[in-house]
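Chain order of the listed sequences is A and B.
Reminder that position 114 of the first sequence reads as 114 in our numbering, one-by-one numbering, no gaps.
Reminder that position 203 of the second sequence reads as 203 in our numbering, one-by-one numbering, no gaps.
Hints in this document: simulated from the structure, not taken from any laboratory.
Any given hint could turn out to be false.
Unchecked claim - A few chain A residues facing chain B, derived, Cβ under 7 Å:
{"id": "1", "residue": "I53"}
{"id": "2", "residue": "K74"}
{"id": "3", "residue": "E75"}
{"id": "4", "residue": "L81"}
{"id": "5", "residue": "F85"}
{"id": "6", "residue": "G94"}
{"id": "7", "residue": "N96"}
{"id": "8", "residue": "I98"}
{"id": "9", "residue": "F102"}
{"id": "10", "residue": "F106"}
What the hints assert, rightly or not - Calculated cross-link-like contacts (lysine-lysine; reagent style DSSO-like; alpha-carbon spacing at most 27 Å):
{"id": "11", "chain 1": "A", "residue 1": "K104", "chain 2": "B", "residue 2": "K2"}
{"id": "12", "chain 1": "A", "residue 1": "K68", "chain 2": "B", "residue 2": "K61"}
{"id": "13", "chain 1": "B", "residue 1": "K146", "chain 2": "B", "residue 2": "K192"}
{"id": "14", "chain 1": "A", "residue 1": "K233", "chain 2": "A", "residue 2": "K256"}
{"id": "15", "chain 1": "A", "residue 1": "K207", "chain 2": "B", "residue 2": "K215"}
{"id": "16", "chain 1": "B", "residue 1": "K16", "chain 2": "B", "residue 2": "K61"}
{"id": "17", "chain 1": "A", "residue 1": "K21", "chain 2": "A", "residue 2": "K207"}
{"id": "18", "chain 1": "B", "residue 1": "K2", "chain 2": "A", "residue 2": "K110"}
Glycine included, each C-beta is placed from N, C-alpha and C at the ideal position.
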Amino acid sequence: MENAIEIKNLSKQYLGFNLDKISFSVPKGSIVGLIGENGAGKTTTIKAILNIINAEGSIKIFGKDNQKDEKEIKENLGIVLDDSFLSEYLTAKGVNSIMKSFYKNFDAKKYFAYLEEFKIPLNKLIKDFSSGMKMKLKIATAISHDPKLLILDEATSGLDPIVRKEILEIFRQFINEDGNHSILLSSHITSDLEYIADYIVFIHEGKIVFNLETAELLENYGIIKCSEEDFLKLKKEDYIRYKKEKYQVEVLVANKNAILKKYKFKVIDKPRLDEIMLFYVKGEK
Amino acid sequence: MKGLIKKDLLNLASYKTTLLILIIFCGIGVIGSSVNIAPLVICTIIGMISLSTFNYDEIAKSNKFILALPLTRKEVVLAKYILAITGIILGGILGIVLTLLVVNIMNIIRPNDLLSINYQSLFINALSGMFGISLIQAIQIPSIYKFGAEKGRIQMFVIIFLVIILIAGAGFLITNLGLNINTQEITNFLNKYGIIILIISMILMYTISYKISSKIFLKKDF
Chain A
1 MENAIEIKNL
11 SKQYLGFNLD
21 KISFSVPKGS
31 IVGLIGENGA
41 GKTTTIKAIL
51 NIINAEGSIK
61 IFGKDNQKDE
71 KEIKENLGIV
81 LDDSFLSEYL
91 TAKGVNSIMK
101 SFYKNFDAKK
111 YFAYLEEFKI
121 PLNKLIKDFS
131 SGMKMKLKIA
141 TAISHDPKLL
151 ILDEATSGLD
161 PIVRKEILEI
171 FRQFINEDGN
181 HSILLSSHIT
191 SDLEYIADYI
201 VFIHEGKIVF
211 NLETAELLEN
221 YGIIKCSEED
231 FLKLKKEDYI
241 RYKKEKYQVE
251 VLVANKNAIL
261 KKYKFKVIDK
271 PRLDEIMLFY
281 VKGEK
Chain B
1 MKGLIKKDLL
11 NLASYKTTLL
21 ILIIFCGIGV
31 IGSSVNIAPL
41 VICTIIGMIS
51 LSTFNYDEIA
61 KSNKFILALP
71 LTRKEVVLAK
81 YILAITGIIL
91 GGILGIVLTL
101 LVVNIMNIIR
111 PNDLLSINYQ
121 SLFINALSGM
131 FGISLIQAIQ
141 IPSIYKFGAE
151 KGRIQMFVII
161 FLVIILIAGA
171 GFLITNLGLN
181 INTQEITNFL
191 NKYGIIILII
201 SMILMYTISY
211 KISSKIFLKK
221 DF
């Protein structure tokens, strides 16, 4: 499968933080969710992809080097950054006239149609927008030049559930528009990624903990809650991590159906993404 | 690059009324006391305003977003210099035009108390204003790229203070040490080459400043 983004051995050192040789890819036509706690390295990874920071390693976007072919690549990127935009002292109308100068393919008709759909006022200063309106404006700006790839950093953070759902629907619509459209989305809101992402890349303390298909994670993974005695019967290769709680042991397994057949557990719970993350971070092997 | 300049101009447009009132009052006030200082003051105000675009960028943390657009880092820096230089040139022109306009209006209103204009010193004062503000910009822009707009503002006051101390100190030394300086010779030299020296100095200052800013910005992480 062709990749929209291909990252190999990406490293970046800051004082007290180290992004440690991470590698993953974003297959064309898919949504990849980059997940991890605050300060895990998600934003650093995105900044490196966008060449906003200098980092070591190889980053290819549409098969091209992100530094050598930077301008050409960026013509086909749509960017939404949680904490950064053109200015707070512009209007949505002003943003149109500026963005037209940046992108050859910026479609003003499409942009204004999005603004109408998102109910964004044209002549109000951005600083007076609500967080949801600001985010919707950023998204309208990012997708109005028909980019092949959307890169979104914490695009749903700080928003209420209704606006978040609306925004996730916009992303789904973007992916369904064209089979070549892809999205890399970073978030620490696990439910959003469960809902939308095809693949989940989990970063913890600058390292990739897992990179798996969402369906596999949610359908095949399971959590066993059992006594210590029953836990001891489990072979080490049959589970991923375990956590000792006050009255029971909780065990994360990768293939719950196989485990159900092999052992005599009656119930294996379907895990949520945040539970899986906790097992990887806090659990033992 | 056109987009970047447009962004800065639209940012500045948000306080166009304040700016207009400020220039008019300042112009009238200064002309009332000394006709020739007006272009210097107006040019300084406009020159400083173009530096304030850095503050807008800092509030919106816009550099991160801008670097994700199809632009090179050199273009981002160049756009700032184009705006700064255009601001100074416009400031100079506006200073002269506004002075002439206000003086003529005042002469019509008060025909018994006519204000006279010395065109040469008006032009030289406008150019001096342009030179002064370009010196501040040439030091300030690389410094803002390195340390940020907030620290840059404090630094600007320090620079202005140092320049004043330096000039006053030099004046004090010359008068107190009893140095025999042929002022006539200096005046003749400045009359002959002053304008060319100012213009060449401005070009040099901006070129060096741009090179330093580019070097800082090319390596900077956001």
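Structure-based check of all given hints:
1. I53: holds (4 Å)
2. K74: Holds, because the Cβ-Cβ distance from K74/A to chain B comes to roughly 4 Å (cut-off 7 Å).
3. E75: holds (5 Å)
4. L81: holds (6 Å)
5. F85: For F85/A, the interface hint holds, since the closest Cβ of chain B sits about 5 Å away, which is under 7 Å.
6. G94: This hint holds: G94/A lies near chain B, its Cβ roughly 5 Å from the closest one there, short of 7 Å.
7. N96: violated (11 Å)
8. I98: Since chain B brings a Cβ to about 5 Å from I98/A, closer than 7 Å, the hint holds.
9. F102: Since the shortest Cβ distance to chain B is 4 Å, the answer is holds.
10. F106: violated (10 Å)
11. K104/A - K2/B: Distance of about 13 Å is within 27 Å: holds.
12. K68/A - K61/B: holds (25 Å)
13. K146/B - K192/B: Violated, at roughly 39 Å.
14. K233/A - K256/A: Holds, at roughly 16 Å.
15. K207/A - K215/B: This hinted pair is violated, its Cα atoms lying about 32 Å apart.
16. K16/B - K61/B: holds (23 Å)
17. K21/A - K207/A: holds (7 Å)
18. K2/B - K110/A: Holds, because 22 Å separates the two Cα atoms, which is no more than 27 Å.
Comparing the model with each earlier hint shows violations of hints 7, 10, 13 and 15; every other hint is respected.
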